[in-house]
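Student: First to last, the protein sequences are chains H and X.
The numbers in our numbering rise by one with no breaks, and the one at position 51 of the first sequence is 51.
The numbers in our numbering rise by one with no breaks, and the one at position 33 of the second sequence is 33.
These are computed hints drawn from the structure, not numbers from a lab.
As the structure is a computational prediction, the values presented were derived from the model and not from experiment.
Don't be surprised by glycine CBs; every beta carbon is placed ideally from N, CA and C.
One or more of the hints may lead you astray.
[As the list claims (entries may be wrong)] As a list, the in silico DSS-like pairs of lysine-lysine whose alpha-carbon atoms are at most 30 Å apart:
#1 K90(H) with K60(X)
#2 K84(H) with K48(X)
#3 K57(X) with K84(H)
#4 K16(H) with K91(X)
[What the hints assert, rightly or not] Have a look at the derived ranges for each label pair, beta carbon to beta carbon:
#5 N2(X) with V78(H): 49 to 55 Å
#6 I67(H) with N53(X): 23 to 29 Å
#7 P48(H) with N112(X): 26 to 32 Å
#8 I5(H) with V134(X): 28 to 34 Å
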Amino acid sequence: MLPMILRLRIVDDEHKINLYFPLIFIYIIAIPFYILGVIFYLLLFLYPSKTVKQRIYLLIFLKSPQIMAAAIGTEVSVYSDDSKVYLYIK
Amino acid sequence: MNEERMKILDMLSQGKISSEEADKLLLATETQTKQMDLETKTSAFNDKFLYVNVEPKEGKKSERVFVKVPFALLQAGLNIAGLIPKEAQTKINDTMQEKGMSFDFSDLKPENIKEIMTSLEQFTVDVDSEDYTVKVFCK
Chain H
1 MLPMILRLRI VDDEHKINLY FPLIFIYIIA IPFYILGVIF YLLLFLYPSK TVKQRIYLLI
61 FLKSPQIMAA AIGTEVSVYS DDSKVYLYIK
Chain X
1 MNEERMKILD MLSQGKISSE EADKLLLATE TQTKQMDLET KTSAFNDKFL YVNVEPKEGK
61 KSERVFVKVP FALLQAGLNI AGLIPKEAQT KINDTMQEKG MSFDFSDLKP ENIKEIMTSL
121 EQFTVDVDSE DYTVKVFCK
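Chain X with its partners taken away, still in its complex shape:
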């Protein structure tokens, strides 16, 4: 992409294009670069999974739970959640706030989703209680 920017600047310096045209071309190049970065990050998430393990301690009666969810499913869910109409989003936001979770659906934009997925890669939870241990991690 730097080569394309240099070509555009060379053409501008040689007078082959005007400064307005150069500005439009540079903007198009930046947009293309951002799109390629997003696609690279998206494909990198395809092989990752979110794991949830609940293991009972020895001698304790508790269920053993194992959940493995592909990142792609989380991403698809977040993408579709962004399509929900504003009236429905408001109702969902209000219900979640009543339950003690402040969450705003309008914050779910494509660039935010990528940040969420990137942050989830480093997300780990370890809970150690008397009866069971809970581990949540991404791999």
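Just chain H, with the same shape it has in the complex:
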């Protein structure tokens, strides 16, 4: 399951941001590029010996949803006297 919400909170003297960003918009934009990537990956098999590196890099790109899915629960917070930054991926 891909993460759906990115929570970002930034508070300092000048700014106060409290953002709940729905990541589904990013996925909708990324779907056409992902489909193109799959098509190109399959086409590269027409010349298997000449396209080894290209297939590997494309495979890393195609596996990026795995990393996104694994990132659920990631939390980063940095608090100082002047500012607070909080990031949470849900």
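Please build the complex by placing chain X on the supplied structure of chain H, with the hints as guidance.
Tutor: Then chain X, alone, in the frame of chain H:
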């Protein structure tokens, strides 16, 4: 899995299969057992997190940092790092060695990744300095 091994050995003793066929079946059973063990360990890592806490000491001006990273993310990163082409791995290895870290990407094999993740479960770091304390642990 012991039951399957016993069945195979019974069939061999009854002459229903040859010794070569029994050997192939036993090898397939061992491979299946290893795969199931890996999957069990993988699912066990899904609920674990790596925590990094940096707390300033009282009266000291320093930032307070809290990082919580799922084990699954570390594992996914290690799995994908194993896909990096050898030329790129060599460049990364050389750069890391220049920085004083001897690391070889070719050591990142699926069975090694599981060992790394298992070792990380017991990994703890406690640093106590004048200005801050650092704790790294897994839970």
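Student: Could you run down the list of hints and mark each one as holding or not?
Tutor: Do the hints match the structure? See the list:
1. The straight-line distance between the Cα atoms of K90(H) and K60(X) is roughly 33 Å, outside the 30 Å bound, and the hint therefore fails.
2. The suggested pairing of K84(H) with K48(X) holds, with an alpha-carbon distance near 26 Å, which does not exceed 30 Å.
3. With a C-alpha separation of about 18 Å, the suggested pairing of K57(X) with K84(H) holds against the 30 Å cut-off.
4. With a CA separation close to 42 Å, the supplied pair K16(H) and K91(X) exceeds the 30 Å bound.
5. Distance hint for N2(X) and V78(H): a CB-CB separation of about 52 Å, consistent with the stated range 49 to 55 Å.
6. Roughly 24 Å separates the CB atoms of I67(H) and N53(X), a value that falls within the hinted 23 to 29 Å.
7. Evaluation of the 26 to 32 Å hint for P48(H) and N112(X) yields a pass: the beta carbon distance comes to about 28 Å.
8. Between I5(H) and V134(X) the beta carbons are some 29 Å apart, a value that agrees with the proposed interval 28 to 34 Å.
In summary, the structure is inconsistent with hints 1, 4 from the numbered list given earlier, while agreeing with the others.
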